[in-house]
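Participant: First to last, the protein sequences are chains B and A. Numbering-wise (our numbering), the first sequence opens with residue 153 and increments by one. Numbering-wise (our numbering), the second sequence opens with residue 13 and increments by one.
FYI, nobody ran anything at the bench for these hints, they're computed from the structure. Please note that a few of the clues may not be correct.
[Said to hold, decoys possible] No more than 27 Å apart at the CA atoms, straight line, and that leaves these computed lysine-lysine pairs for DSSO-like: (1) B:294 / A:105; (2) A:420 / A:187; (3) B:294 / A:89; (4) A:107 / A:91; (5) A:91 / B:294.
[Said to hold, decoys possible] Restraint-style ranges between C-beta atoms, simulated for each label pair: (6) A:298 / B:420: 50 to 56 Å; (7) B:340 / A:25: 24 to 30 Å; (8) B:352 / A:25: 37 to 43 Å.
[What the hints assert, rightly or not] Computed list of chain B residues with no C-beta within reach of chain A, every gap over 12 Å: (9) 283; (10) 288; (11) 406; (12) 453; (13) 454.
Every residue gets a Cβ at the ideal spot worked out from N, C-alpha and C, and that includes glycine.
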Amino acid sequence: MSLDSILLTIFQRLHGERSAQGVYHILRGKRSGQTLQDVEYYQVKSYYALLPQLTASEFQQALERMQADGLILINELVYVTAKGQMATGSEIWRFNGWNYRGREREFGRRLALLVQTLSNLRSGETMFMPIQKELPTQQFIKGLLRNQSNSMTNLSISLRKELEHALIHSSLSDLQRTIVTSRLTGYGLTASTWEQLAASLNVSAKTIQLYYLEALHILLDFLLQQPNMPLLTELATDCRVDTYLTQSAERTRKLYERGYSLEQIASLRNLKLSTIEDHFIELAANMDNFPYEEFVTKEQMVTVWRHVEQLQTKRLRLLKQQCPELSYFQLRLIIIMEGRES
Amino acid sequence: MELQKVLHQKFGYESFRPGQQEVITELLAGRDTVAIFPTGMGKSLCYQLPAYMLEGVVIIISPLVALMEDQVANLRKHKEKRVVAINSFLSRKEKELALSTMAQYKFIFLSPEMMMQQHVRQLVQQLHIAFFVVDEAHCISEWGFDFRPDYLRLKELFSFTERAPVLALTATANKKVVEDIITYLRLRNPHIQRQPMDRPAISYRIVHVDNESAKTEWISERLATTIGPGVIYVASRKRADELSAIIRERGIPTASYHGGKEQDERSIIQEQFIQGELEWICATNAFGMGIHKDDIRQVIHEHLPATPSAYIQEVGRAGRDGDKAAVTLLYSERDSQKVKFIVYEDLPDEQQILYYHSLLQSGTGSQLAAEQAGLSEIASRLLDYYLEQYDVENVIRQIQQIYQVKEKQIAEMESYVKSDSCLRERLVQFFGENILPAEKDCCSNCQNLDDDWLIKSEASTKQETETLQWHERLHQLLG
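Please take these sequences and the hints and turn them into a complete structure.
Facilitator: Dropping the structure here:
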């Protein structure tokens with residue numbers, strides 16, 4: 153499967169209610185109220201910040217190709233055609249973009265450097281060109297090794313055992329096990345490029361990269377539940393997002409906790425009320441126990457949810473026509489809460 | 013005596029390469045020095061060794077981040093921990109940390125932009141400096157092939173009467189460029205150490221073909237019958253990918269290498285090439301710096317390099333181990349048009365300069381103005397520098413001069429490919445040197461090439477490495 157299948161999946165979830173640009177922002181992980189709200193509304197968090205490096209022209213090319221193939225229709229908003237629905241395929245991606253947001257790649261880099269280092273050291277080779285050039289990665293691995301009391305040979309074997317265990321038990325596909333290990337370099341054994349893997353596995357290079365990305369997410373998720381993997385767990389340090397709120401929303405949250413109202417916060421922070429409302433949407437999407445009942449009643453929620461169900465839409469303008477007594481802010485809150493409940 | 017000992021203890025060499033000892037001795041005596049060494053002939057040792065014989069830090073100003081990282085990695089490989097690179101790729105926090113702990117390092121690499129920032133300069137000037145190194149010093153000269161305006165600002169640093177000596181390093185510099193280096197870096201009565209440009213191990217070939225597809229054919233045939241490891245230089249990223257795919261189809265392990273690939277991929281390809289897993293690399297000019305592979309047997313150019321300097325640097329990557337190496341330049345009639353197009357694209361014309369200038373005057377930001385005037389990043393940096401120094405008429409004149417220099421360099425390359433005299437002789441003549449043709453294995457014009465050593469034996473083709481199962485691979489890597 154490919155970028156196309158990811159795009160089709162997301163477009164389908166948004167069922168023609170968002171522009172292509174919105175999807176681009178989701179994949180790049182834009183930290184704006186609108187994008188954060190979209191991933192929550194349409195339940196595409198697992199794709200959030202999946203491809204932080206995706207360029208506008210790559211994205212544009214993919215769209216044009218899919219349009220030419222009749223998979224999607226673009227008329228400001230993006231619609232998936234029947235042909236597109238067929239082409240989406242039944243394969244389910246198991247990404248966890250929301251929790252890693254590009255940092256999974258750092259885990260991959262650290263792993264590659266640690267394996268290369270231990271592989272060389274255990275073979276008695278102390279001089280080698282590091283396969284990872286980034287200084288922070290190098291410093292991280294140096295720090296990790298400095299704090300070890302074990303011999304390098306023992307450490308090497310421990311790492312191999314951990315990796316073996318993780319690869320076997322973490323629900324990776326066999327193809328992914330091959331991809332992950334093929335990206336490791338060591339003494340007398342160099343990693344394969346994406347292109348080389350594509351040729352030997354007979355799968356396109358782009359697809360292999362996506363499988364690799366998914367494998368990193370699966371491995372990182374797996375490590376969370378495994379207490380006995382000290383080396384891999386250390387490599388995963390700080391790769392998972394710990395705060396889901398933007399800084400600005402965090403400040404709003406603190407003021408709200410101290411008892412200020414939305415209007416007061418807006419004037420205190422010298423921001424527009426609508427910005428503060430965006431923050432609350434963000435809070436609702438990310439906090440456990442968000443006090444929604446201070447803004448909407450249970451009855452209002454049930455009513456709006458029923459309209460969403462009947463009209464098969466989450467577009468605010470249409471919902472507002474049905475419930476003119478509710479503000480847009482209240483409508484957005486209710487939709488977010490629906491996503492969270494389910 | 014002392015020098016030899018350090019050479020052996022710190023670097024494990026028994027003897028100096030030609031010219032190194034002279035440079036080091038002059039530098040240790042406190043004299044400014046210009047060292048012109050062909051690629052791969054041991055330039056770096058000229059500053060690394062004296063660093064261990066003097067108190068204080070060595071400040072190395074290096075124009076390319078990739079090059080800097082490579083030098084740093086190399087020093088670290090030799091167990092030198094007191095080394096740091098400060099460039100725009102560091103995060104603010106890393107940069108601050110590096111700057112605040114500068115005194116504890118022995119080697120500090122700085123990009124020229126970073127060096128000339130006020131607070132960085134102040135910090136550097138407080139250090140006890142053994143000497144300065146300006147790497148790739150030809151970049152200071154607009155007559156050089158990759159002029160960097162930022163380098164011109166360095167003169168502010170070296171104008172002080174009391175300052176540590178400066179070592180200017182370059183691989184290629186004709187007389188004019190050396191003059192520029194001396195003037196702009198404010199060098200005082202410098203010692204000039206020029207090592208001969210000629211590389212006896214290399215034999216030169218020019219092959220005229222009719223068109224692009226004839227080139228592809230020639231390369232396919234050549235690679236099927238002659239040995240690697242080798243590098244094929246091409247004009248574009250796209251062509252690098254395309255050509256390497258064609259060669260791979262013939263069962264020859266090949267990869268493309270260019271700036272469009274992610275860092276991880278480039279590292280892997282370099283490593284595979286060094287380990288001998290890849291026989292050929294199809295590359296843009298992004299490939300070369302920092303490749304430490306001594307046994308490259310062939311370099312093929314599929315396009316016309318824009319300057320003799322670029323050409324001599326790229327072919328200079330062959331045969332560093334001193335064994336025979338063959339270089340080939342493929343030429344078809346339209347190639348000089350193509351290289352002109354690429355080179356001139358980066359240079360602003362008069363209209364663009366005037367428009368850019370008027371936009372800046374009316375308060376438009378430099379980035380937006382550059383965009384609106386259709387300037388490349390290089391072009392806008394160049395103009396920013398000149399507009400600071402001169403009025404707009406003079407800037408136009410300056411740019412026209414650069415244009416003429418580039419034109420002349422391309423004309424030199426054209427005359428080179430069309431020449432029927434000795435190619436070895438012609439090439440070094442561009443750098444003001446005179447040599448005689450070699451008696452054998454000289455060049456295609458001397459017609460004394462014996463290519464038997466190049467022929468691929470049957471046995472050396474095809475050595476399929478079997479793919480390992482993933483768990484076998486893990487065991488082989490980690491035990």
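Participant: All hints, please: hold or fail.
Facilitator: Evaluated hints:
Taken as a hint, the residue 294 (chain B) and residue 105 (chain A) pair is honoured in the structure, with Cα atoms around 19 Å apart against an allowance of 27 Å. For a cut-off of 27 Å, the pair hint linking residue 420 (chain A) to residue 187 (chain A) stands: about 16 Å separates their Cα positions. Of the supplied pair hints, the one linking residue 294 (chain B) and residue 89 (chain A) holds, its CA atoms being roughly 14 Å apart against a limit of 27 Å. Restraint check: the Cα-Cα separation between residue 107 (chain A) and residue 91 (chain A) comes to about 23 Å, which is no more than 27 Å; the hinted pair holds.
This hinted pair checks out: residue 91 (chain A) and residue 294 (chain B) have alpha carbons roughly 14 Å apart, not beyond 27 Å. Remark: the range hint 50 to 56 Å for residue 298 (chain A) to residue 420 (chain B) is upheld by a beta-carbon distance near 52 Å. In this structure the hint that residue 340 (chain B) and residue 25 (chain A) lie 24 to 30 Å apart at CB holds, the actual value being about 26 Å. Hint check: residue 352 (chain B) to residue 25 (chain A), Cβ distance near 41 Å, so the stated range 37 to 43 Å holds.
Against chain A, the non-interface label of residue 283 (chain B) is violated: not every CB pair exceeds 12 Å, the least being about 5 Å. With a closest Cβ-Cβ approach of about 7 Å to chain A, residue 288 (chain B) is found to fall inside the 12 Å limit, against its non-interface label. Consistency note on residue 406 (chain B): stated as away from chain A, and its beta-carbon is indeed over 12 Å from all of that chain's, at 24 Å minimum. For residue 453 (chain B), the requirement that its beta carbon stay farther than 12 Å from each beta carbon of chain A is met, with the minimum near 44 Å.
Once the 12 Å rule is applied to beta carbons, residue 454 (chain B) is consistent with being away from chain A; the minimum gap is 49 Å.
Hint check: violations occur at hints 9 and 10; the rest are consistent with the structure.
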